[in-house]
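Since the structure of chain U is provided, determine the placement of chain P on it from the hints.
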Amino acid sequence: MVWTGWVNETRLAARSIAAYATDWVNPTLRLGVTGLSRSGKTVFITALVHGLLTASRWPVFEPQAQGRIARVRLEPQPDDGIPRFPYEDHLATLTGPRDWPEGTKRISEIRLAIDFASNTGFMRGTEKTLTLDIVDYPGEWLLDLPLLAQSYAEWSRRSVEAARRPPRAALAQEWLAATAEIDPFGKADETEARRLADKFTRYLKSCRDERVSLSTLPPGRFLLPGEMEGSPALTFAPLDLGSREPAGDSLAALMDKRFESYKRLVVMPFYANHFATLDRQVVLVDALAALNAGPAALSDLELALSDVLTAFRPGANSILSSLLARRIDRILFAATKADHLHQTSHDRLEGLLRRLTDRAIRRAEFAGARVEPIALASLRATRETTVTQRGQSLACIVGTPMPGEQAGGEIFDGLREVAVFPGELPLDPTGLFAGPEAFRGEDYRFVRFLPPKADPSQALPHIRLDRAVEFLIGDRLA
Amino acid sequence: MSKAPTPKPQVFRLDSDAVEIAPPSDAPVEDRRPEAVIAAEAAAPPAGASLWTRLFWVGLGGLVSLAFGIAVSTLIDDLFTRAAWLGWAGVAALVLFLVGGLALLGREIFALRSLARLDTLRERAVQALLDKDDRAAARVAGDLLAAMAGNARTARGRIAVQAAFAEGVVDGAQRLRIVERELLEPLDREATRLVAEAARRVSVVTAVSPRAAVDLAMVFATAVRLIRRIAEVYGGRPGTLGMFKLVRHVLAHMAVTGGMAAGDTVLDQIVGHGLAARLSAKLGEGVLNGLLTARLGITAIAISRPLPYIGAPRPDVRDLVGDAISLRGDP
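Residue numbers (the working numbering), protein chains in the order written: chain U, 1279 to 1756; chain P, 21 to 351.
Note that these hints are calculated values from the structure, not bench results.
Please note that the accuracy of each hint is not assured.
[Claimed, not checked] Pairwise CB distance ranges (calculated):
1) 205/P to 1427/U: 48 to 54 Å
2) 1348/U to 331/P: 16 to 22 Å
3) 1383/U to 170/P: 57 to 63 Å
4) 73/P to 1345/U: 53 to 59 Å
5) 205/P to 1539/U: 56 to 62 Å
Computed from a prediction, not measured in an experiment: that's the story for all the values here.
By construction, the Cβ of each residue, glycine as well, lies at the ideal position given by its N, Cα and C atoms.
For reference, chain U alone in the conformation it holds in the complex:
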């Protein structure tokens, strides 16, 4: 919290006093949904909103199961400056042409009002309304928050060091060569700066490729620039400065200035306007994609997750602390796409997630927040079966693979259902983190499936979405 400075803290405090007063009359819960790209944020929110709106039978979600929720309705989105989460479009994409929706490229928000009957305390039986704001933002933006505490020189040194290590070295070759050619303390030149920034961005983008699937890639806005594309605040790159400080009108000084602008124009507003106002947070993690890509991607994911968590202000909200500044008091880590495994393997996926987020969990619990890791599938694309082959029975999943997916020497056409035995995750996930040879020849390949055939007016199939919802909002509907 050092970097935010006291001005900002004061502003946040003032705002949360206001929020507290409003809360008294009309409780509001701001739920942040994040995760690195392709982790399933959009599908999660779509399924969550759909489930609440259609009053799906969610046995684990207590208020619903007890019949205390009278009505759930969509409300106009409160912030006029932020796009609304296009729930209807995403639902139509999922259930109509059976496509996975476009990913999150920027922040968006959707508001639900839940009318429910209270069952505790003085207010027992009275009808109340909880306003639920769901805020969707790319997890890459969270990776920017640690930048606030770094100087340009420090960030440069770290980025260059990371780029020289495998598996990044191969991808960063071109950019590193270009950086080596120029003199960082020579005269500033806009063309040069743009060329470097361009090469740097391309290197970052190549790291996100499915085959390597790396995660720790700040600055996040380089990957998802949005409306700021091409602006000077996004036209910089780390330089190999050695131990000198940027000075004068050198290229390094120009980059330094732009780095600071990036922090001021991009990172700070996100932190103050969105991030610091959240009450609950969901972090979605696609552990299976990292397994697909290999040990380096897995340990990179671990690093990214612990970076993400340094950004949170976890802790229990007492009356006093919630007056001073809101804190996130519950964090849900969800390993998505659990439907790619048979349910007998789910606890192993959960074990892997627990291992990935271990440090983060301990830190958050120490601060008084509740953290729960869950393996879930917001929209369940597969069913389960057993295949008996030569007397051995295998726990398999059945679904329609995406067109163009390959497995077992076959390329799928996206029409036929097949049964897939996804392999087994190890009982103890620690072994997977033991260095580059950690997988010991085990090749994890999880086939991607098409969304299930579903009727948008009915409940959608899911795995443990109800447990996630109970953890996130159940206690506020008491």
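Chain P only, in chain U's frame:
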């Protein structure tokens, strides 16, 4: 896992002939019960008595049964010496006595076992929740569902639980909560109502009864009846021995938790007692007895309930007594 190499990921066509594919479903997988667990559950709890105590009881028991046997056999001999028909009548009475005694004994043993089963279920549930052992919790939920099948009051709840489980993947801890919500919460309400009723009756009778001996008998009778009825609500059918055991449990439990319970309600008791005593000493006594009965009832619920409190509200002495006092005027 230890046997053979782990099988490689594979893809099977659904129309393939080489393998056999079960029809796909969304249904949750039943957890198989490992043998080790059954063995561990079946193991009897270690005997508590010392060697000398056991010797004493064995000896005494032997002597008493010998004395009884001789008394009966001499009686029947005697009867035969008087008249043959009298002897046969004595034999017939003896047979009736034995048959009846065996039946009673069988019933007692059965009742004790059903109580013990609910006890073990609760202990296992507590342990599973403490260890965050999902599979164990799922097994407890399954066993509880089976144990509750004999309880007619839970028919509707059992159907609701089965429907909830069929809805998709539900983990052990959540299964326990669903079972608690659908099966036990209605029973909780019933049991709490019984306690409130008993507390009310005790406080009224104490307030109006002319003699201390009458209240004492009344309070005692009500307490015993309350414990039995609560055990029945949760599906235990305590016989006489079972009742002894239950009462002992309740008293032990109250001795342990009494201090704590007194801690949070002692103020109410003193204030209530003091205030009421000013109106009438007798009325104050009534309130106090009502409170004690309520607390006894809550303890009885806690030890008869086959699950710990997971998400359901714990009944509170204050709520119950509030009921008892405010409802006193009601018909």
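Status of the hints after comparison with the structure:
Taken as a hint, the range 48 to 54 Å holds for the pair residue 205/P and residue 1427/U, whose Cβ atoms sit roughly 50 Å apart. Roughly 21 Å separates the CB atoms of residue 1348/U and residue 331/P, a value that falls within the hinted 16 to 22 Å. Checked against the hint of 57 to 63 Å, the C-beta distance between residue 1383/U and residue 170/P comes to roughly 59 Å, which is consistent with it. The hinted window of 53 to 59 Å between residue 73/P and residue 1345/U holds, with their beta carbons roughly 55 Å apart.
In this structure the hint that residue 205/P and residue 1539/U lie 56 to 62 Å apart at CB holds, the actual value being about 59 Å.
The earlier numbered hints are all upheld by this structure, with none contradicted.
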